[in-house]
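Participant: Listed below are the residues making up each chain.
Number of protein chains: 4
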Amino acid sequence: MAKLYFRYGAMNCGKTTALMQVAYNYEERDQKVLVIKSAVDIKGDKNLVSRLGIERKVDVLLALDEKLEDYKINYSEISCILVDEAQFLTPIQITELWVISKLYDVPVISYGLRTDFQTNSFPGSKRLMELADEMEELVTICRCGKSAKFNGRKVNDEFVSEGDQVAIDETDNVTYESLCGKCYLDKVLVLEK
Amino acid sequence: MAKLYFRYGAMNCGKTTALMQVAYNYEERDQKVLVIKSAVDIKGDKNLVSRLGIERKVDVLLALDEKLEDYKINYSEISCILVDEAQFLTPIQITELWVISKLYDVPVISYGLRTDFQTNSFPGSKRLMELADEMEELVTICRCGKSAKFNGRKVNDEFVSEGDQVAIDETDNVTYESLCGKCYLDKVLVLEK
Amino acid sequence: MAKLYFRYGAMNCGKTTALMQVAYNYEERDQKVLVIKSAVDIKGDKNLVSRLGIERKVDVLLALDEKLEDYKINYSEISCILVDEAQFLTPIQITELWVISKLYDVPVISYGLRTDFQTNSFPGSKRLMELADEMEELVTICRCGKSAKFNGRKVNDEFVSEGDQVAIDETDNVTYESLCGKCYLDKVLVLEK
Amino acid sequence: MAKLYFRYGAMNCGKTTALMQVAYNYEERDQKVLVIKSAVDIKGDKNLVSRLGIERKVDVLLALDEKLEDYKINYSEISCILVDEAQFLTPIQITELWVISKLYDVPVISYGLRTDFQTNSFPGSKRLMELADEMEELVTICRCGKSAKFNGRKVNDEFVSEGDQVAIDETDNVTYESLCGKCYLDKVLVLEK
Numbered sequence: 178m179a180k181l182y183f184r185y186g187a188m189n190c191g192k193t194t195a196l197m198q199v200a201y202n203y204e205e206r207d208q209k210v211l212v213i214k215s216a217v218d219i220k221g222d223k224n225l226v227s228r229l230g231i232e233r234k235v236d237v238l239l240a241l242d243e244k245l246e247d248y249k250i251n252y253s254e255i256s257c258i259l260v261d262e263a264q265f266l267t268p269i270q271i272t273e274l275w276v277i278s279k280l281y282d283v284p285v286i287s288y289g290l291r292t293d294f295q296t297n298s299f300p301g302s303k304r305l306m307e308l309a310d311e312m313e314e315l316v317t318i319c320r321c322g323k324s325a326k327f328n329g330r331k332v333n334d335e336f337v338s339e340g341d342q343v344a345i346d347e348t349d350n351v352t353y354e355s356l357c358g359k360c361y362l363d364k365v366l367v368l369e370k
Numbered sequence: 178m179a180k181l182y183f184r185y186g187a188m189n190c191g192k193t194t195a196l197m198q199v200a201y202n203y204e205e206r207d208q209k210v211l212v213i214k215s216a217v218d219i220k221g222d223k224n225l226v227s228r229l230g231i232e233r234k235v236d237v238l239l240a241l242d243e244k245l246e247d248y249k250i251n252y253s254e255i256s257c258i259l260v261d262e263a264q265f266l267t268p269i270q271i272t273e274l275w276v277i278s279k280l281y282d283v284p285v286i287s288y289g290l291r292t293d294f295q296t297n298s299f300p301g302s303k304r305l306m307e308l309a310d311e312m313e314e315l316v317t318i319c320r321c322g323k324s325a326k327f328n329g330r331k332v333n334d335e336f337v338s339e340g341d342q343v344a345i346d347e348t349d350n351v352t353y354e355s356l357c358g359k360c361y362l363d364k365v366l367v368l369e370k
Numbered sequence: 178m179a180k181l182y183f184r185y186g187a188m189n190c191g192k193t194t195a196l197m198q199v200a201y202n203y204e205e206r207d208q209k210v211l212v213i214k215s216a217v218d219i220k221g222d223k224n225l226v227s228r229l230g231i232e233r234k235v236d237v238l239l240a241l242d243e244k245l246e247d248y249k250i251n252y253s254e255i256s257c258i259l260v261d262e263a264q265f266l267t268p269i270q271i272t273e274l275w276v277i278s279k280l281y282d283v284p285v286i287s288y289g290l291r292t293d294f295q296t297n298s299f300p301g302s303k304r305l306m307e308l309a310d311e312m313e314e315l316v317t318i319c320r321c322g323k324s325a326k327f328n329g330r331k332v333n334d335e336f337v338s339e340g341d342q343v344a345i346d347e348t349d350n351v352t353y354e355s356l357c358g359k360c361y362l363d364k365v366l367v368l369e370k
Numbered sequence: 178m179a180k181l182y183f184r185y186g187a188m189n190c191g192k193t194t195a196l197m198q199v200a201y202n203y204e205e206r207d208q209k210v211l212v213i214k215s216a217v218d219i220k221g222d223k224n225l226v227s228r229l230g231i232e233r234k235v236d237v238l239l240a241l242d243e244k245l246e247d248y249k250i251n252y253s254e255i256s257c258i259l260v261d262e263a264q265f266l267t268p269i270q271i272t273e274l275w276v277i278s279k280l281y282d283v284p285v286i287s288y289g290l291r292t293d294f295q296t297n298s299f300p301g302s303k304r305l306m307e308l309a310d311e312m313e314e315l316v317t318i319c320r321c322g323k324s325a326k327f328n329g330r331k332v333n334d335e336f337v338s339e340g341d342q343v344a345i346d347e348t349d350n351v352t353y354e355s356l357c358g359k360c361y362l363d364k365v366l367v368l369e370k
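Protein chains in written order, with our numbering: chain A, 178 to 370; chain B, 178 to 370; chain C, 178 to 370; chain D, 178 to 370.
Treat the hints as calculated values from the structure; they're not laboratory data. It is possible that part of the hints are untrue.
Note: identical chains are not told apart, hence a pair may lie in one copy or across any two.
To be verified - Keeping only pairs whose Cα atoms sit at most 27 Å apart, straight-line, the calculated BS3-like set for lysine-lysine is: (1) K359 with K220; (2) K323 with K359; (3) K220 with K331; (4) K223 with K359; (5) K223 with K364; (6) K180 with K359; (7) K249 with K234; (8) K249 with K323; (9) K180 with K331; (10) K323 with K180.
Isolated chain A, as found in the complex (with noise of 0.2 Å):
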């Protein structure tokens, strides 16, 4: 019975070249994957980029009001979905994948944050904690050296506790910095004991 994966981590821990690996893995022993991305990342558009600086296309740009029924695609053909920025996709959407996995055999690897600048779960992220068969951390460096879990969201780079869910990277003086639980806790929190 196939899986469905969480690997999620923090902004920048490498989970798009992570897919990217995986994909070049089963196309090389000439296995079909299916590339999936939430259509409200707005970063490459039709196109995966890794920070690494390699690229690939996407199969599926899915919108927020799609479910993967529309696209009328061939399970017994693929070998593996993958996802990507899967913290964006609704609940229904990150369901479906499940219910795919286990009626069609197929594993499902997603990536994506766990989550947002206020600690809070996406509506994606929740759906794939609450089913996934495996949860996978990649982890990336906080600037004190620990394991950075958290997103710490900067406006014109003061870190700020209030806003909107989603604000993309680099647009309106928006950047974020991955922290660990004890710097998340000092900067943006500011809280002591």
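Place chains B, C and D on chain A using the hints.
Facilitator: Below, chains B, C and D alone, put in the same frame as chain A:
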């Protein structure tokens, strides 16, 4: 920096036994643990009871409207905080536990269900999946021999898909059966390709 | 395809309790388990004894010169094979267990020490680390509060770094203390920067 | 206390790409990494080369008769040590890396094969599995679609079960194919129930 752990699993996977083993390991070294249980769970009252036949006293039976700060605990004396039935804690209580782990450098190991009988997270497990430094699955076995990850609810021995989120095992003819994803789709949602 | 698991941990981390919980979970569903223990371990003889106070009979007490095939086991009746003190099995016995998991599709969950008091693997644990489909660590606590991963041997209460690989706990004034890597370097190897 | 990591996987699972992503993440934050590679591996010489098409310079090309202490490295300047082809390091070199992680508090992340074409560990991977604080598997895909964990060696395109432990890919008509346990038993050992 101490970690917040979420060790989750379907019903009857051995969460309470695992918690008691950890408590035993600390106490064998003369290190003090604090055992917290949600007051929502009425089984065993102020005791943890494992299906293997071992028992242990709870230190804090935490009600939904309480906060941990009400208990005036001296965290410097405590080597580890252990939480049973953590899915029933409120998001605020879980956030408190996370902050305690970081500000007082005390590990918090919480055991609980990931999802209810409809595959939705509980308030406490949702918050734990947002904040936990480590998530570890404790597996049990489905009727088909695969790993069980979901909790099917039965009323009068028939699977049901509607009802309140919380209905304690063995009251009002309610029982639960731990199921793998495939069997959950087959038996509870009656979903076929 | 069933898996071979190696769940390893330092002494007194709760391996035998964990094994008995898994056995209980299978038997609660009327599924049969086969419990194997190395005859090298003389504690408890044909019984498993957990420090939490629970006991259980062993099905096969396997001597160093025996093979599993000598036992004429009908694997089609068995839902899971559980192995205690797996580090003491021979490489050939571990290879047999791996082949059984694949040819008869029966999961094998083995519990054992990773390394001896000199940080070298045992014959059985070396082979398990080569073949296991899944390796999972069971942690216990060092005197310093960190995770203990190594087994310090004491003779007459002093740490020693020389001696036979096998010396059973509490015989000939031998005791063990589970230590983290840093404390092992400090106390046993007496190594400083 | 910094950890020694062993991230192992079969051939062509993406170990070198993963290493370069970690290096990139550190350097993006202006933190310095030290990249070590065994001189036993002759591919790429003093460069790491990923199959995805990215390259990177190696800082230390470590020969079998060298020790890290010969290099007079100032560990206080280094945020992370990254090791490629770690299976080829000697047990003494691995022990050195473990001691460095603990005495200088520098994380060491080593990537390598777990076992050779006969399912036996390499000297370096055996020692890593004895000492690593964390072992994490990087998976790739078998011809049957399952996770590949073993390395089948082919000479002139036929699987072989005898030969030297080290024979570099694509020299002397040697190639490798990553296989799951079941396919390894079927194709290489030609073992049936």
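Participant: Please go over all the hints and tell whether each is borne out by the structure.
Facilitator: Going through the hints against the structure:
In this assembly of identical chains, the alpha carbons of K359 and K220 never lie at most 27 Å apart, being 30 Å within a copy and 36 Å across copies at closest. For the identical chains of this complex, K323 and K359 are neighbours both inside a copy (9 Å) and across copies (18 Å), given an alpha-carbon limit of 27 Å. For a Cα distance limit of 27 Å, the shortest separation of K220 from K331 inside one copy, 19 Å, qualifies, whereas the shortest one across copies, 43 Å, does not. Proximity of K223 to K359 under the C-alpha cut-off of 27 Å is found in neither arrangement, the shortest distances being 37 Å within a copy and 33 Å between copies.
Proximity of K223 and K364 under a CA criterion of 27 Å is satisfied in neither setting, with 35 Å inside one chain copy and 39 Å between copies. Only between protomers do K180 and K359 lie at most 27 Å apart by alpha-carbon distance; the minimum there is 10 Å, versus 33 Å within a single protomer. For the identical chains of this complex, K249 and K234 are intra-copy neighbours only, at 19 Å inside a copy versus 46 Å across copies, given an alpha-carbon limit of 27 Å. Proximity of K249 to K323 under the C-alpha cut-off of 27 Å is restricted to the inter-copy arrangement: shortest distance 26 Å between copies versus 45 Å within a copy.
Within a single copy, K180 and K331 get their C-alpha atoms only as close as 36 Å, which misses the 27 Å cut-off; across copies the closest is 26 Å, which meets it. Taking the shortest Cα distances, K323 and K180 sit within 27 Å of each other only across copies (11 Å), while inside one copy they are farther apart (30 Å).
In this structure, the earlier hints numbered 1, 4, 5 are contradicted, and the remaining ones agree with it.
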